[in-house]
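Protein chains in written order, with the numbering used here: chain Z, 373 to 1000; chain L, 373 to 1000.
No wet-lab data here; the hints were simulated from the structure. These numbers come from a predicted model, not from an experiment. Each residue gets a CB set at the ideal place from its N, CA and C atoms; glycine is no exception. There could be a bad hint or two in this list.
What the hints assert, rightly or not - Straight-line C-alpha distance at most 25 Å; calculated DSS-like pairs for lysine-lysine:
hint: 1; chain 1: Z; residue 1: K552; chain 2: L; residue 2: K487
hint: 2; chain 1: L; residue 1: K532; chain 2: Z; residue 2: K532
hint: 3; chain 1: Z; residue 1: K395; chain 2: Z; residue 2: K625
hint: 4; chain 1: L; residue 1: K552; chain 2: Z; residue 2: K737
hint: 5; chain 1: L; residue 1: K552; chain 2: Z; residue 2: K552
hint: 6; chain 1: L; residue 1: K739; chain 2: Z; residue 2: K533
hint: 7; chain 1: L; residue 1: K533; chain 2: Z; residue 2: K532
hint: 8; chain 1: Z; residue 1: K552; chain 2: L; residue 2: K737
hint: 9; chain 1: L; residue 1: K552; chain 2: Z; residue 2: K487
hint: 10; chain 1: L; residue 1: K737; chain 2: Z; residue 2: K533
hint: 11; chain 1: Z; residue 1: K492; chain 2: L; residue 2: K532
hint: 12; chain 1: Z; residue 1: K658; chain 2: Z; residue 2: K681
hint: 13; chain 1: L; residue 1: K532; chain 2: Z; residue 2: K552
hint: 14; chain 1: Z; residue 1: K540; chain 2: L; residue 2: K532
hint: 15; chain 1: L; residue 1: K487; chain 2: Z; residue 2: K732
hint: 16; chain 1: L; residue 1: K732; chain 2: Z; residue 2: K739
hint: 17; chain 1: L; residue 1: K533; chain 2: Z; residue 2: K487
hint: 18; chain 1: Z; residue 1: K532; chain 2: L; residue 2: K739
To be verified - With beta-carbon atoms standing in for the labels, derived distance ranges:
hint: 19; chain 1: Z; residue 1: F437; chain 2: L; residue 2: R1000; range: 33 to 39 Å
hint: 20; chain 1: L; residue 1: K739; chain 2: Z; residue 2: K737; range: 54 to 60 Å
hint: 21; chain 1: Z; residue 1: G486; chain 2: L; residue 2: V901; range: 55 to 61 Å
hint: 22; chain 1: L; residue 1: Q544; chain 2: Z; residue 2: D957; range: 39 to 45 Å
hint: 23; chain 1: Z; residue 1: S720; chain 2: L; residue 2: S742; range: 53 to 59 Å
hint: 24; chain 1: Z; residue 1: R770; chain 2: L; residue 2: Q442; range: 39 to 45 Å
hint: 25; chain 1: Z; residue 1: G798; chain 2: L; residue 2: Q442; range: 15 to 21 Å
hint: 26; chain 1: L; residue 1: D554; chain 2: Z; residue 2: G486; range: 21 to 27 Å
Number of protein chains: 2
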Amino acid sequence: MAPQDTLIDNISIQPDTLALKEKARREGLETVWDRFHAQQPQCGFCDLGLSCRICVMGPCRIDPFGEGPQRGVCGADADIMVARNLARMVAAGAASHSDHGRDLVETLYAVAEGKAPGYKLTDLEKLSRIAAEFGVAADLAPEAQARELALALMEEYGIKKGFLQFTKRLPQARLDKWAKLDLAPRGIDREISEMLHRTHMGVDNDAVNILLQALRSALADGWGGSMIATEVSDILFGTPKPVASQVNIGVLKQDQVNIILHGHSPLVSEMVVRAAADPELLARAKALGAQGINLAGLCCTGNEVLMRKGIPMAGNHLVQELALITGAVEAMVVDYQCIMPSLGDLASCYHTLFYTTYDKAKFPKAKHLSFSPENGAALGRELVFQAVENFARRDPKRVSIPASPQAQVTGFSIEAIVAALGGTPGPLLDAVKAGQIRGAAGVVGCNNPKITQDYGHVNLTRALIAADILVLDTGCTAVANAKAGLKEPQAAELAGPGLKAVCQSLGIPPVLHMGSCVDNTRIINLCAVLAGALGVDIDMLPVAAAAPEWYSEKAATIACYAVASGIYTVLGVTPPVLGSPAVTDLLLNGLESHLGAKFAVEPDPGKAAALIIRHVEEKRRGLGLDAR
Amino acid sequence: MAPQDTLIDNISIQPDTLALKEKARREGLETVWDRFHAQQPQCGFCDLGLSCRICVMGPCRIDPFGEGPQRGVCGADADIMVARNLARMVAAGAASHSDHGRDLVETLYAVAEGKAPGYKLTDLEKLSRIAAEFGVAADLAPEAQARELALALMEEYGIKKGFLQFTKRLPQARLDKWAKLDLAPRGIDREISEMLHRTHMGVDNDAVNILLQALRSALADGWGGSMIATEVSDILFGTPKPVASQVNIGVLKQDQVNIILHGHSPLVSEMVVRAAADPELLARAKALGAQGINLAGLCCTGNEVLMRKGIPMAGNHLVQELALITGAVEAMVVDYQCIMPSLGDLASCYHTLFYTTYDKAKFPKAKHLSFSPENGAALGRELVFQAVENFARRDPKRVSIPASPQAQVTGFSIEAIVAALGGTPGPLLDAVKAGQIRGAAGVVGCNNPKITQDYGHVNLTRALIAADILVLDTGCTAVANAKAGLKEPQAAELAGPGLKAVCQSLGIPPVLHMGSCVDNTRIINLCAVLAGALGVDIDMLPVAAAAPEWYSEKAATIACYAVASGIYTVLGVTPPVLGSPAVTDLLLNGLESHLGAKFAVEPDPGKAAALIIRHVEEKRRGLGLDAR
């Protein structure tokens, strides 16, 4: 495990970020890097996982040098403390994704009941397919099918059923491995609650046992909450198909009403997309001197509407503040997750309106318009209306959009990939068997000011495709790679000869955008499909995952469900576990003999690529394929 | 809010504690006070709630003096940070109690299915009564009723139903107050998961909004998980009735096999109680030179078997290590919650066997025998068998039981109180109306090495009964008060003249033991009953609550559901909120106008009593009763 620098010289590899950060400096506006700098030095106890605030006999700290206390007041040692802290991060990540999934399920139910005007059942084929997985009768009308499916999905959050339906998508060998460790997730919320219980003072005090429940909570996310979010979003808004779009801050338009959609859920943003096409609102925009209404995405809400509607993407996590600093944004509409509480302050430095839409996610200096499935369509219209009216307040002298948009192709759901392959995953497997494509890597996750923005994502991705490893990306990584031009079909030129040939024959880029962070379930699901087709467990596939610049609890959860699903995962930022050599060793080594997968931590993207390439080649050897 | 000392001169008011702590010192054994001392000074940032480890852009800290950073990397200020940290404590407490309740529900289901030998439906009247609350048909056989009830209770953990059944026990006025704040809990696990989601980076960033969800999570405990735990335990093991028993470390027997039951659940401990009466095991004990098999409780598992079976109580939270240091314990059997991870180490310094019984709660140096409803009876027998065999290994030279047991009367469920009153709460209300009893206070909660053990509990209780305020206690408080002799009927002499007369006429002590920590729901339920009888909301009653020595997340949750239910609550230990004046003010003042109740923090038990007495008299005035 290499150390990472806590202070970096260059905040970003992206010219738009650098230009806007400079504008922020000129205008005296604070951004995330300034706050990160002000926080130095960050607490070493917390960073190592060696602080505990779980009860008020504490707070407690363990001295990593072995000179001061080695136990908290209750008697917990470093292993227990580190394991509990990590486990709570994972539980919170699982809760976040799963609560997002629940919002989709409740909207599906409302649509089925005819109570959600503006929403509809868009992908009826997928509705039938998923409904069948849950035992819903095939001969029902779509609304009835949707209603039964919604009720069945609600049961996944409960405790009566005792297992999660989507785990049946996995090879039996994987389920057998889980059974030995008691890892199979029961109800989604149950695993999360039990994780919190187990980390209460005086409950679970065995680091390994704690971490196994953390993995189970993560699996309840990956094969539960997140997967539900993905599948129901596809049913409601359409399963993504390849679509051309654009990326970087240049997608904002000097002469249009700019509305930014930020957060993680498609429920509000899809209604904004719908309203932005309203001729009446367009006419009003033109009457106010704008050439049109321009939507742009940020973070995963951006990925959701990019994948399905081709809405251009303004940027990833570390761009959210800078987007406001363009001075060109009439309204930023947020739902939840990864939204910096500084945005209200920044918006108020410009004419920008900052809208919150979920009662469970309020922000300072925001205008709150509450979403429900019942009012979603009306809310979308109201948001666009207010943004249009705000165009008149824009101060052109303060506007700067320092980039031209970069082209990208997106929309690679599993269904789209299989369709591109001619209807079966066979050609992909053939290319892997022939060694043209060595394997595949999911490169995912966030930005983190501890890492030069997008440096990890882009350099790792470049190295992997050059080694003929197909890259599937989501989340902030997807934005980074798109900005680097890696999502244009001609980026195949940057791939190794085998991958290049495959991409050119199919007309696809070597980096396939699979969606938002909950859509990492498309990646694990694809792994399950490929493993099933080969008759092997997932850990035998020549695949890996990486989160080069992760920052959030959700990312920790995703990494855990990836590993527990059998996928070797390389993190670019060290999780707060180094205070326990035992926990660290378990994550980096011990898990492998039980799960066939483990973690690595490697901030250097070149070295991370080398780890993944070696892993992929080893797995090829294991399958009896040619290996380098 | 008065400051509390972090280091105390006297660790305990209890002679048994002092004697055993001295034995620990002589034998060179570390206890909780040593570790507490070694942790000084405790981190001021964590103590004020001003540190954040929610994401790995951090860890972050806010400078309470206003000189260093005032925002975390994400932009969260002190209010957001403090609110998020407190909210996660409350969610974890709710998860703990509720997961405990779930274990009871699953056992009820197994009993109904005939799969839990040794367990039975003990209180059929209560079974029918609770089943009726959940709409289960009255004409079913008990097993069928139990099965339907168990399934209905499982639904309380899910999300389909949308409200918790037990909230219907509340006055409509209370539900109206909740409706205005969106406080009514939906599913138990849902509220907990949503709380975790809302405290993820970039979700809820409004301190008030965060704290409201913390209250809703707490209500999902009080009127959900904990209440389920209480009611189902009564159904399975009997609703408590007044019973004479004993308390303090003197309940251990020099000449018997001593087994300590520690933790919070009755599921294993009831089976140990059952096995300890097995003639075969008794004969074996006698063959080995013991005069019998002696069970003693610790903490809330102790309270469970004390209330229902009269099993004597060895001590509360800070006694758990000392009990082992008597050298007289053949086996300590633990389930979960508040169990110090130091116990395995200490047990191994003696002949004591330390048994863990839940797969979700493993401990260092423990022997693990896994509980399930199916094997509970066999497990109980195995535990007693092993303890008996271990008697031969006891070293008499190392044994010290430095106390004689103190008598107590316990078992005051609501049903028992109403029965003692002649079948209705009328006489109690009459005594309150007449001013003989001024009001009632629930004094509850833990021990904490920040407070001289039991000093807060006993002195507050004495002051309250002297002022004619009936005290209802649970948890560690109940043990403290019993050891102080306050649970003998003759303790009525210590009460004011009115309360004394009532107690003497009924033959009850002035301090009524209502059970374990989950049994705080008996107290809020009694408040609902009394409010209903008077036709008022709970916040109009002359009642209050106090947690003079709390330490755990569960206690934070209990305090929150008490306040949200309308009960003024005085804490003896400051929660980690002082870093946010806004959050502190909300808790101490702001809540009152919405909920009719608020928190106070007062470590001095005399001053805490004065606050409660003033509050009770004010509420009397509000009801048009005489007030002092």
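Against the structure, the hints:
1. This hinted pair checks out: Z:K552 and L:K487 have alpha carbons roughly 24 Å apart, not beyond 25 Å.
2. Restraint check for L:K532 and Z:K532: satisfied, since their Cα atoms lie roughly 12 Å apart, inside the 25 Å limit.
3. Taking the CA atoms of Z:K395 and Z:K625, the gap is near 18 Å; set against the 25 Å cutoff, the hint holds.
4. Straight-line distance between C-alpha atoms of L:K552 and Z:K737 comes to about 23 Å, which keeps the hinted pair within the 25 Å bound.
5. At most 25 Å may separate the alpha-carbon atoms for a hinted pair to count; L:K552 and Z:K552 exceed this at roughly 48 Å.
6. Between L:K739 and Z:K533 the CA atoms are separated by roughly 32 Å; this puts the pair beyond 25 Å, and the hint is violated.
7. Between L:K533 and Z:K532 the CA atoms are separated by roughly 13 Å; this keeps the pair inside 25 Å, and the hint holds.
8. Restraint check for Z:K552 and L:K737: satisfied, since their Cα atoms lie roughly 23 Å apart, inside the 25 Å limit.
9. For the hint linking L:K552 to Z:K487, the alpha-carbon distance of about 24 Å falls within 25 Å, and the restraint holds.
10. At roughly 35 Å between alpha-carbon atoms, L:K737 and Z:K533 are farther apart than 25 Å, so this suggested pair is violated.
11. Our distance criterion of 25 Å between C-alpha atoms is met by Z:K492 and L:K532, whose separation comes to about 22 Å.
12. Restraint check for Z:K658 and Z:K681: the C-alpha separation of about 23 Å stays at or below 25 Å, so the hint holds.
13. A threshold of 25 Å between alpha carbons decides the hint, and for L:K532 with Z:K552 the separation of about 32 Å lies outside it, so the pair is violated.
14. Note on Z:K540 and L:K532: the hinted pairing holds, with a Cα-Cα distance of about 23 Å set against a maximum of 25 Å.
15. Between L:K487 and Z:K732, the direct Cα distance comes to roughly 42 Å. Violation of the 25 Å bound is thereby established for this hinted pair.
16. Between L:K732 and Z:K739 the alpha-carbon distance is near 44 Å, which puts this suggested pair outside the 25 Å criterion.
17. With a C-alpha separation of about 18 Å, the suggested pair L:K533 and Z:K487 falls inside the 25 Å cut-off, and the hint holds.
18. At most 25 Å may separate the alpha-carbon atoms for a hinted pair to count; Z:K532 and L:K739 exceed this at roughly 31 Å.
19. Between Z:F437 and L:R1000, the C-beta spacing of about 59 Å breaks the proposed range 33 to 39 Å.
20. Checking the proposed 54 to 60 Å range against L:K739 and Z:K737 shows it holds: the Cβ atoms sit about 57 Å from each other.
21. Range check, Z:G486 to L:V901: Cβ separation about 42 Å, and the 55 to 61 Å hint is violated.
22. For L:Q544 and Z:D957, the Cβ-Cβ distance of about 58 Å falls outside the hinted range of 39 to 45 Å, so the restraint is violated.
23. The hinted window of 53 to 59 Å between Z:S720 and L:S742 holds, with their beta carbons roughly 57 Å apart.
24. For the hinted restraint 39 to 45 Å between Z:R770 and L:Q442, the CB-CB distance of approximately 26 Å leaves it violated.
25. One distance hint, 15 to 21 Å for the beta-carbon pair Z:G798 and L:Q442, is violated here, with the actual separation near 59 Å.
26. Evaluation of the 21 to 27 Å hint for L:D554 and Z:G486 yields a pass: the beta carbon distance comes to about 25 Å.
Hint compliance for this structure: hints 5, 6, 10, 13, 15, 16, 18, 19, 21, 22, 24, 25 are broken, all remaining hints hold.
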